[in-house]
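Heads up: the sequence lines are chains S and D, in that order.
Quick note on numbering: the first sequence equals residues 109 to 585 in the numbering used here.
Quick note on numbering: the second sequence equals residues 109 to 585 in the numbering used here.
Calculated directly from the structure, the hints in this document are not laboratory data.
The hints are all genuine.
The list treats identical chains as interchangeable, and a pair is accepted whether it falls inside one copy or across any two copies.
Result set (DSS-like, lysine-lysine): computed pairs, CA atoms no more than 30 Å apart in a straight line:
hint	residue 1	residue 2
1	LYS490	LYS401
2	LYS453	LYS394
3	LYS426	LYS462
4	LYS488	LYS401
5	LYS520	LYS545
6	LYS495	LYS129
7	LYS495	LYS545
8	LYS462	LYS394
2 protein chains.
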Amino acid sequence: MKTLILAGGKGTRLFPLSRKKYPKQFVKFPSQESLFQQTLKRSLKISSPEDIFILTNKDYLFLIKNQIEECCPNIWKILEKRIILEPVARNTAPAIALAIKYLMDVENINIEESLFITPSDHLLEPVDNFISLIEKAKTLATHDYLITFGIKPFRPDTGYGYIEVHNYKVNNIAFPVKKFHEKPNKTTAEMYLSKGTYYWNSGLFLFSINAILNEFKNHASEIYEKMVNTSYEEFLKQFINLPEISIDYAIMEKSNKLVMVPMENIKWYDLGSWDAYYEILPKDDKGNIFFNKENIISIESQNCFLYSEKLLCTIGLKDIIIINTDDVLLICKKGESQKVRDVLKILEQENRYKNLLENRTIVFRPWGAYKELERGDRYKIKKLIIKPGEALSLQLHHHRSEHWIVVKGTAKVVLEDEEGRLKEYYVHENESIFVPKSKKHRIINPGKLPLEIIEVQVGEYVEEDDIIRYDDIYNRI
Amino acid sequence: MKTLILAGGKGTRLFPLSRKKYPKQFVKFPSQESLFQQTLKRSLKISSPEDIFILTNKDYLFLIKNQIEECCPNIWKILEKRIILEPVARNTAPAIALAIKYLMDVENINIEESLFITPSDHLLEPVDNFISLIEKAKTLATHDYLITFGIKPFRPDTGYGYIEVHNYKVNNIAFPVKKFHEKPNKTTAEMYLSKGTYYWNSGLFLFSINAILNEFKNHASEIYEKMVNTSYEEFLKQFINLPEISIDYAIMEKSNKLVMVPMENIKWYDLGSWDAYYEILPKDDKGNIFFNKENIISIESQNCFLYSEKLLCTIGLKDIIIINTDDVLLICKKGESQKVRDVLKILEQENRYKNLLENRTIVFRPWGAYKELERGDRYKIKKLIIKPGEALSLQLHHHRSEHWIVVKGTAKVVLEDEEGRLKEYYVHENESIFVPKSKKHRIINPGKLPLEIIEVQVGEYVEEDDIIRYDDIYNRI
Chain S
109 MKTLILAGGK
119 GTRLFPLSRK
129 KYPKQFVKFP
139 SQESLFQQTL
149 KRSLKISSPE
159 DIFILTNKDY
169 LFLIKNQIEE
179 CCPNIWKILE
189 KRIILEPVAR
199 NTAPAIALAI
209 KYLMDVENIN
219 IEESLFITPS
229 DHLLEPVDNF
239 ISLIEKAKTL
249 ATHDYLITFG
259 IKPFRPDTGY
269 GYIEVHNYKV
279 NNIAFPVKKF
289 HEKPNKTTAE
299 MYLSKGTYYW
309 NSGLFLFSIN
319 AILNEFKNHA
329 SEIYEKMVNT
339 SYEEFLKQFI
349 NLPEISIDYA
359 IMEKSNKLVM
369 VPMENIKWYD
379 LGSWDAYYEI
389 LPKDDKGNIF
399 FNKENIISIE
409 SQNCFLYSEK
419 LLCTIGLKDI
429 IIINTDDVLL
439 ICKKGESQKV
449 RDVLKILEQE
459 NRYKNLLENR
469 TIVFRPWGAY
479 KELERGDRYK
489 IKKLIIKPGE
499 ALSLQLHHHR
509 SEHWIVVKGT
519 AKVVLEDEEG
529 RLKEYYVHEN
539 ESIFVPKSKK
549 HRIINPGKLP
559 LEIIEVQVGE
569 YVEEDDIIRY
579 DDIYNRI
Chain D
109 MKTLILAGGK
119 GTRLFPLSRK
129 KYPKQFVKFP
139 SQESLFQQTL
149 KRSLKISSPE
159 DIFILTNKDY
169 LFLIKNQIEE
179 CCPNIWKILE
189 KRIILEPVAR
199 NTAPAIALAI
209 KYLMDVENIN
219 IEESLFITPS
229 DHLLEPVDNF
239 ISLIEKAKTL
249 ATHDYLITFG
259 IKPFRPDTGY
269 GYIEVHNYKV
279 NNIAFPVKKF
289 HEKPNKTTAE
299 MYLSKGTYYW
309 NSGLFLFSIN
319 AILNEFKNHA
329 SEIYEKMVNT
339 SYEEFLKQFI
349 NLPEISIDYA
359 IMEKSNKLVM
369 VPMENIKWYD
379 LGSWDAYYEI
389 LPKDDKGNIF
399 FNKENIISIE
409 SQNCFLYSEK
419 LLCTIGLKDI
429 IIINTDDVLL
439 ICKKGESQKV
449 RDVLKILEQE
459 NRYKNLLENR
469 TIVFRPWGAY
479 KELERGDRYK
489 IKKLIIKPGE
499 ALSLQLHHHR
509 SEHWIVVKGT
519 AKVVLEDEEG
529 RLKEYYVHEN
539 ESIFVPKSKK
549 HRIINPGKLP
559 LEIIEVQVGE
569 YVEEDDIIRY
579 DDIYNRI
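Just need the whole structure built from these sequences, with the hints factored in.
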């Protein structure tokens, strides 16, 4: 069985821990493993690394590389070849069509093969119960069923889509699906809850490639035509013209091959807001959750959710959520955290804080990461952390020179001399080197430990786009 | 008339804007002028610069220098010689005795001279009304009265001391004082308010040196003996042994020469808590105060006081005070901000965040200021801003070397060479210089504009106390 991990989602609702270029699935909260990393590890219990594919877009490629190298370092080389990049963000129907097309045309996979599709931004536990369930559901896929997975609701949630099923089972495990329902209002959600035949839609799917192809043919012919009549390269080119539509809407709502396996004895959480995190995390006897407790002095708090990356002192707070990162502070009455979207909308409209909306102060790059420490009128200071064996591309800047001071490790620096020749220098801890304007340069970490460099840029313009690259060490982008 | 500005107070209640080494009187909030600067400007309308004296301690000397140079640059050279440093913090009785002793012995001032004493951490307005009042009160001082200034209370405040007066006037301007009362409880405060003969104690005084000497003699003989029988140097040495007692308690409560001038048509605020600031600052129609509004996105706030130095997003808050600096976040239910003291007590007891409790991230020095940008395992990065014409002391460090990169201005650097000779170098914008361990060095700003340097310290120990100074360019400390 193949597994397809959907990792291209924009997941903005965990702002300010999530950002545009660091969406929810990659955020390491509340554990030190991101939901993407947890999904990957779970998938490795379902499929071998060679059978795992990741669908994402180029903005997240560095993150995926960094996070796979971190949690499963041995399989990056295998997975690297199994990353499918969406040319642009379309909804899930075109995205899944692209993945199917890739599996058929590039990987030449037999269309009888089963495919398990999982989002990477949900919390699922315990993993073992989940694996057994997938094992049981597998046989259904060989009978050309499209299988969805539903969670028995325990409250009238208005944040999830619902799957309505018949009250009899197929193969003693799945209910035939009667209808898909979009996120309901409160009254409707209460009705769904009372009926007992409505389940939350988990967004997980299992089917054979053959079966889904048939359903594309029956219900999404525009996409299907392109899947069967064009080359993979051509399909990529035309991807932008495909209808922006979800797989639920395009196919699942219309298919009569659809069944739903209930996820019994499995906890599933979408965690789409800070309130959702408050619900699931353990609380003290005053109903408080303190994250990074060593940073928090809290007097007389009640039912608060406090997360802080610097010293936080609170006095007399009740029902308040505080998420305090090094560049943004979010404070929210409990129960109102879905309005984070409104905050983001305002920021977008006002066209402010562009950098901050895109990235945290740490920005991940293919070679490691950098952090901006200070920005002045004609200068900028960054800390670069370059992973062992990695290198920045050969580049030059016309508007700034750079001072590099190695504070940890050894750097191999390639630098253009007065005559235009590239020369190599080794710069050790506590040594520095000067890179003049308009001279080609590159940093390499030749060592076995991370290399840390303080970079002081000085010039009339110190933005990221003053860069001319002479090679691209990460050719896929 | 001489004026004595009391500027040695510890004013911690505006934490996190105030810190141990940056107390309330120097904080530039809500205006760009600190309360100390406002007090100085006010005093200049009462006395000429040559007649103004400042009582403080060495920890605040740089601040006083910086703030005087900023608001009244021409008089620093005059005032510099009129700063009286307390050897240790004692209460106001010894402090005022020290100032009197200084005026008599060092300045040889006639004991018939009047002295106006003003704290520097109160807000007083309008200034012109206040000046007229002092003018009127002056004649009373020549009749050997000790004059205090009282504010007609308009609410039963439990945070102020009260002065009870007789209901007849002396010289048509002052009421004889009946009794001093310490901060009352609510019921007592309500009684005071209803009586009409109780006033808030402003902490301002006016008297002749002769008159206060007499009262020291009558009521604080231990202090008086030292004032008349020792030299100024000896008095300084014995200062630590004087009783720690307030001038109110030692003298004012006991004197029968005491009168009170009511401060009519003058607004006076102690501003001892964030709640007090909320009361006096202008609010929008939802009762909100937003400081640094450009940093704030606020949805559905009501009666909130928000101050933030970085992006702050709030949703649905009511009656909340938020003070967000670059290193500390304080969030407090409105009405509870006096508990900031408890927060500080906890931090002290736990012996945490020592640097942060002492200073803001910008630390003022005699030559300018520095800001710590980043701290790593074996390195630290600082930005130094050196004022024109200023210099750091000649110094060396045994455990760290330093890289200096000039990002603005020109530095004159004195650096010890291999043979132990001191050599001078000019380092211009975008140039750098390396200072090895155990080599003497000094930075001088020879220019007309502030000099900005990025300093990267690398070594096995990068704390402030690894420093050996070879001279002290600020000999008074």
